[in-house]
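Novice: Read off the chains here:
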Amino acid sequence: DAGVIQSPRHEVTEMGQEVTLRCKPISGHDYLFWYRQTMMRGLELLIYFNNNVPIDDSGMPEDRFSAKMPNASFSTLKIQPSEPRDSAVYFCASSAGLAGLSHYNEQFFGPGTRLTVL
Amino acid sequence: KQEVTQIPAALSVPEGENLVLNCSFTDSAIYNLQWFRQDPGKGLTSLLLIQSSQREQTSGRLNASLDKSSGRSTLYIAASQPGDSATYLCAVRPNDYKLSFGAGTTVTVRA
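Each protein sequence line maps, in turn, to chains F and P.
My numbering puts the first residue of the first sequence at 1, with every later residue one more than the last.
My numbering puts the first residue of the second sequence at 1, with every later residue one more than the last.
The hints are simulated quantities; they were obtained by calculation from the structure and are not laboratory data.
Check each hint, because a few of them may be wrong.
As the list claims (entries may be wrong) - In silico negatives: residues of chain F with every beta carbon more than 10 Å from chain P:
#, residue
1, 43
2, 53
3, 111
4, 114
5, 116
Stated by the list, open to error - Below, a sample of chain F positions facing chain P; criterion: calculated Cβ distance under 7 Å:
#, residue
6, 45
7, 65
8, 88
9, 105
10, 106
11, 108
12, 109
13, 112
Stated by the list, open to error - Facing chain P, from chain F, some residues (calculated, C-beta under 10 Å):
#, residue
14, 12
15, 50
16, 55
17, 56
18, 60
Even for Gly, the Cβ is constructed at its ideal location relative to N, Cα and C.
With the rest of the complex left out, here is chain F (with noise of 0.2 Å):
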């Protein structure tokens, strides 16, 4: 498998222009994740889908951000209007929730979008 793929691998857009992160997880995976890592704050979850269904997204920062999963091999996280405190490398995450399964539970990233606002 290729692992989790994501892109673009670096964005740089103007303040106020809508971003749009892609992730597509390992086949097989049922639970997809979208973080975010900056040197402050360090690496924090902003939410996660279960069987595409959004489970939690209390780390979202504010109603800037929104994120979809409208099938199992696609994702995507929104900023609109993005803002410069929005720069940040974002991650998505997936993992096999299904017990018996070769790495069940353990978590498995993408290489990172790294988003630039100016």
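Got chain F; can you put chain P on it based on the hints?
Specialist: Showing chain P alone in chain F's frame:
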């Protein structure tokens, strides 16, 4: 709220020395604990996952122990190599899926 602490924040050792990285957490009601490695500008690579019922896990030169009652885990890396230079993060998972991460220990192995 779960607090995860990793000490030291940075460590520099000569090649060949064994590495000992510490992770402590405040709430012992965890489901599992996972150790990750992060190289500069890269994503996180999963190293080891220890279920709450386990005491340790081993993979090659890596060994991780878990003492849930005292809220501690230790990652041992035997015979360190320059390629082991990276930031090592521990993360604990309660009964839901929300990982709480430590700030990491940045390791430099000098050739």
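Novice: Does each hint fit the structure? Answer for all of them.
Specialist: So, going through the hints one by one against the coordinates:
At roughly 4 Å, the least C-beta separation between residue 43 of chain F and chain P is not larger than 10 Å, which violates its mark as non-interface. Distance to chain P confirms residue 53 of chain F as a non-interface residue, since its nearest Cβ pair spans about 13 Å, more than 10 Å. The beta carbon of residue 111 of chain F is not kept farther than 10 Å from every beta carbon of chain P, the shortest such distance being approximately 4 Å. With a cut of 10 Å on Cβ distances, residue 114 of chain F falls inside the contact zone with chain P, its closest approach being about 8 Å.
Remark: the non-interface label on residue 116 of chain F is consistent with the geometry, its nearest Cβ contact in chain P lying 13 Å away (cut-off 10 Å). A hinted interface residue such as residue 45 of chain F counts as satisfied when its beta carbon comes closer than 7 Å to some beta carbon of chain P; here the least separation is about 5 Å, so the hint holds. Taking 7 Å as the C-beta contact cut-off toward chain P, the hint placing residue 65 of chain F at the interface is violated, the least distance being around 17 Å. Taken as an interface hint, residue 88 of chain F does not check out: its beta carbon lies about 13 Å from the nearest beta carbon of chain P, beyond 7 Å.
Residue-level restraint check for residue 105 of chain F holds (minimum Cβ-Cβ distance to chain P is 6 Å; threshold 7 Å). Interface restraint check for residue 106 of chain F: the shortest CB-CB distance to chain P comes to about 5 Å, inside 7 Å, so the restraint holds. The beta carbon of residue 108 of chain F is positioned within 7 Å of a beta carbon in chain P (closest approach about 6 Å), and the interface hint is therefore held. For residue 109 of chain F, the suggested interface contact is upheld, since its CB lies about 4 Å from the closest CB of chain P, less than 7 Å.
A least Cβ separation of about 5 Å between residue 112 of chain F and chain P falls short of the 7 Å threshold, and the interface hint therefore holds. Hint on residue 12 of chain F is violated. Least Cβ distance to chain P is approximately 15 Å, over the 10 Å limit. Hint on residue 50 of chain F holds. Least Cβ distance to chain P is approximately 8 Å, under the 10 Å limit. The interface hint given for residue 55 of chain F is met, as the beta carbon of that residue sits about 7 Å from the closest beta carbon of chain P, less than 10 Å.
Interface hint status for residue 56 of chain F: upheld, as the beta-carbon distance to the closest one in chain P is roughly 7 Å, under 10 Å. For residue 60 of chain F, the interface hint is violated, since its Cβ never comes within 10 Å of a Cβ in chain P; the closest pair sits about 13 Å apart.
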